[in-house]
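*Asks:* Use these hints to put chain B onto chain A, whose structure you have.
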Amino acid sequence: MLTSLVRVSRFAVQNFWRDIWLSSVTIVIFVLAITLVGVLSGVKVITDQAIQVLRSKVDVTITFKSGTPEQTALDLKTKLETLPETTAVSYTSADENLEIFKQLHANDPTVLESTAALDRNPFGPSVKVAARSLEAYPRIAKVFEDESFASVIEVGSRSLESNQLAIQKLSSFTRNLNRFSLALTIVFALIATLVVVNTMRIAMYAHREEIGIMKLVGATNWFVRGPFLVESILIGVLAALLASLILLGGISLLSGWFDTLFQGYDVRMATYLTSHFFAIFWGPLLGAVVLSIISAGIAVGRYLKV
Amino acid sequence: MITFNKVTKLYQKEIVGVRDVSLTIDPGEFVSIVGQSGSGKTTMAKLIIAEERPTAGQMIIGDWDITDIAHRDIPFLRRQIGVVFQDFKLLPRKTVFENVAFALEVSGTTNEQIRIIVPQVLKIVGLETKADRFPHQLSGGEQQRVVIARSLVHRPKILVADEPTGNLDSINAQEIIDLLKRINSFGTTVVLVTHNREIVNTLRKRVITLDHGQVIADQKSGKYIL
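Residue numbers (our numbering), protein chains in the order written: chain A, 1 to 306; chain B, 307 to 532.
For reference, chain A alone in the conformation it holds in the complex:
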């Protein structure tokens, strides 16, 4: 058994090397297929990250009418904090809101003069709330639409109408983007599968006479199939390694572009893709090896009936 295994492996390496042209062409096609699906897997990860960043940046500020007691705003804050849907709730006093307004219009003397002319603070306190998901905002809104708060909250702020519309649009856009990138990945994975399977079939077709001869001199099916299967593993693994190098090189080359894309956010995309490389790209890499073995096994089987 061991002798046979050694012989099968030796034949595989010998065949690979002595038919290096066909082996190289097969590897190149495999590399292209893996890289294509790999790039799409990477794009999906980048899209997911971008969507996540975008969703985490959505928050809603509830502005109280001028003269609303601080305690009312603090009560709303406490109530919102008890909701499981919220991730962060912060309170800003009326004075702080006035200060922020002044800083925002520091270069506009007309606005500043108008503000100074007022005998009272035109701003009320405010509460900023961030939710776990965009879909949770309508449930959160129910809290401040309650009668005890509704009368003291600025109408535009309370109704959330404009915010809700934006949230719905964003939510629908990200959902569609996710579906699109998934569909694209599946379509290209199918194309890559067909390419890999057919490449292996053509490679085996080129050796069909050889397979017949092996059978005619008394080789068992296993002994004929063995070298071709080992050769297909060799081709699959080498292609996966080359595709990995290309993908890693690509990530390294694009790291600057990633930094620009996620500027201002705490996302290091190139580092993330590199450190999670096999978690992200295991599909196309392992898929190529497995497909290569299965398709070679099936293709050889067609010529074993001698």
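No lab work stands behind these hints, which were simulated from the structure alone.
A couple of the hints might just be wrong.
[As the list claims (entries may be wrong)] Across the chosen pairs, the derived CB separations fall in these ranges:
| id | chain 1 | residue 1 | chain 2 | residue 2 | range |
| --- | --- | --- | --- | --- | --- |
| 1 | B | Ser328 | A | Arg10 | 44 to 50 Å |
| 2 | A | Ser255 | B | Glu418 | 53 to 59 Å |
| 3 | B | Phe382 | A | Gly297 | 43 to 49 Å |
| 4 | A | Arg18 | B | Gln426 | 22 to 28 Å |
| 5 | A | Arg201 | B | Gln426 | 37 to 43 Å |
| 6 | A | Val237 | B | Glu418 | 46 to 52 Å |
| 7 | B | Gly414 | A | Val237 | 25 to 31 Å |
| 8 | B | Asp371 | A | Arg10 | 34 to 40 Å |
[To be verified] Okay, derived cross-link-like pairs now, EDC-like style, lysine to aspartate or glutamate, Cα gap no bigger than 16 Å in a straight line:
| id | chain 1 | residue 1 | chain 2 | residue 2 |
| --- | --- | --- | --- | --- |
| 9 | A | Lys128 | A | Asp108 |
| 10 | B | Lys352 | B | Glu404 |
| 11 | A | Lys305 | B | Glu357 |
| 12 | B | Lys436 | B | Asp484 |
| 13 | A | Lys305 | B | Asp484 |
| 14 | A | Lys169 | A | Glu99 |
| 15 | B | Lys400 | A | Glu154 |
| 16 | B | Lys526 | B | Glu335 |
| 17 | A | Lys305 | B | Asp393 |
| 18 | B | Lys511 | B | Asp524 |
| 19 | A | Lys79 | A | Asp19 |
| 20 | B | Lys511 | B | Asp484 |
| 21 | A | Lys305 | A | Glu209 |
| 22 | B | Lys352 | B | Glu469 |
| 23 | B | Lys400 | A | Glu209 |
Virtual Cβ for every residue (Gly too), placed ideally from N, Cα, C.
*Replies:* Frame of chain A, contents of chain B only:
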């Protein structure tokens, strides 16, 4: 040694390969099977090595009824029968030595034995100096001698040669026939499938003549009669 008992082989239910063939080939015989193209000569060779199965009748090799031989047993049958083909059927990615050694490797022969047996057989066929060449680096006659060497490594009791001289010039063809005669003289049964009149007539051995899949003559020391 080889028995055809009312053997019929039909292709696609209508095309006749051989029909109702009954004959026995004894151990140590040198038999030529002759006939025109399509007469069923190659079908008979294929039936002997179980490349084809009879549609009807019984096939016996030695004590082995191979009429309904299981797929898994075919390799073991083939290791006991040497086969020489018109188109050589050498493995293109293997050297002369490796081609001959392959027939031993499939049966699990040790590397030590292979290193002893293969050079001996290559010497018999006169190719000991060309062991490292690939098939495409050899002449037709040399390639056919490699095939004969490969068919001999198992010391088979039967050697089936299907048109072994078909692709060779007359000098190379005669060399191959001389080699087959020599192998026969060692006690190996040789079944030569051919349509070469000159070779058959000079052999003066048993001749089985086929026509349209049927045996029309079986002469102990015959001639090409068609």
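*Asks:* For each hint, tell me whether it holds in the structure or not.
*Replies:* Each hint, compared with the structure:
1. One distance hint, 44 to 50 Å for the beta-carbon pair Ser328(B) and Arg10(A), holds here, with the actual separation near 46 Å.
2. Against the hinted window of 53 to 59 Å, the Cβ-Cβ separation of Ser255(A) and Glu418(B) comes to about 58 Å, which satisfies the hint.
3. Checked against the hint of 43 to 49 Å, the C-beta distance between Phe382(B) and Gly297(A) comes to roughly 23 Å, which is inconsistent with it.
4. Checking the proposed 22 to 28 Å range against Arg18(A) and Gln426(B) shows it holds: the Cβ atoms sit about 26 Å from each other.
5. At roughly 41 Å, the beta-carbon separation of Arg201(A) and Gln426(B) lies within the given 37 to 43 Å, and the hint holds.
6. Checking the proposed 46 to 52 Å range against Val237(A) and Glu418(B) shows it is violated: the Cβ atoms sit about 33 Å from each other.
7. With their beta carbons about 28 Å apart, Gly414(B) and Val237(A) fall inside the hinted range of 25 to 31 Å.
8. The hinted window of 34 to 40 Å between Asp371(B) and Arg10(A) holds, with their beta carbons roughly 37 Å apart.
9. Between Lys128(A) and Asp108(A) the CA atoms are separated by roughly 26 Å; this puts the pair beyond 16 Å, and the hint is violated.
10. In summary, the hint linking Lys352(B) to Glu404(B) is not supported, as the alpha carbons are separated by about 25 Å, beyond the 16 Å threshold.
11. With a C-alpha separation of about 9 Å, the suggested pair Lys305(A) and Glu357(B) falls inside the 16 Å cut-off, and the hint holds.
12. Proposed proximity of Lys436(B) and Asp484(B) is contradicted: the alpha carbons are some 20 Å apart, above 16 Å.
13. Only pairs whose Cα atoms come within 16 Å are accepted, and Lys305(A) paired with Asp484(B) is rejected, the gap being roughly 34 Å.
14. Distance hint between Lys169(A) and Glu99(A) is unfulfilled; the C-alpha atoms sit about 33 Å from each other, more than 16 Å.
15. Taking the CA atoms of Lys400(B) and Glu154(A), the gap is about 88 Å. The hint is violated against a cut of 16 Å.
16. With a C-alpha separation of about 10 Å, the suggested pair Lys526(B) and Glu335(B) falls inside the 16 Å cut-off, and the hint holds.
17. The suggested pairing of Lys305(A) with Asp393(B) is violated, with an alpha-carbon distance near 19 Å, which exceeds 16 Å.
18. Simply put, Lys511(B) and Asp524(B) have alpha-carbon atoms about 11 Å apart, close enough for the 16 Å limit, and the pair holds.
19. Note on Lys79(A) and Asp19(A): the hinted pairing is violated, with a Cα-Cα distance of about 74 Å set against a maximum of 16 Å.
20. Restraint check for Lys511(B) and Asp484(B): satisfied, since their Cα atoms lie roughly 13 Å apart, inside the 16 Å limit.
21. Taken as a hint, the Lys305(A) and Glu209(A) pair is honoured in the structure, with Cα atoms around 12 Å apart against an allowance of 16 Å.
22. Taking the CA atoms of Lys352(B) and Glu469(B), the gap is about 12 Å. The hint holds against a cut of 16 Å.
23. Restraint check for Lys400(B) and Glu209(A): the C-alpha separation of about 14 Å stays at or below 16 Å, so the hint holds.
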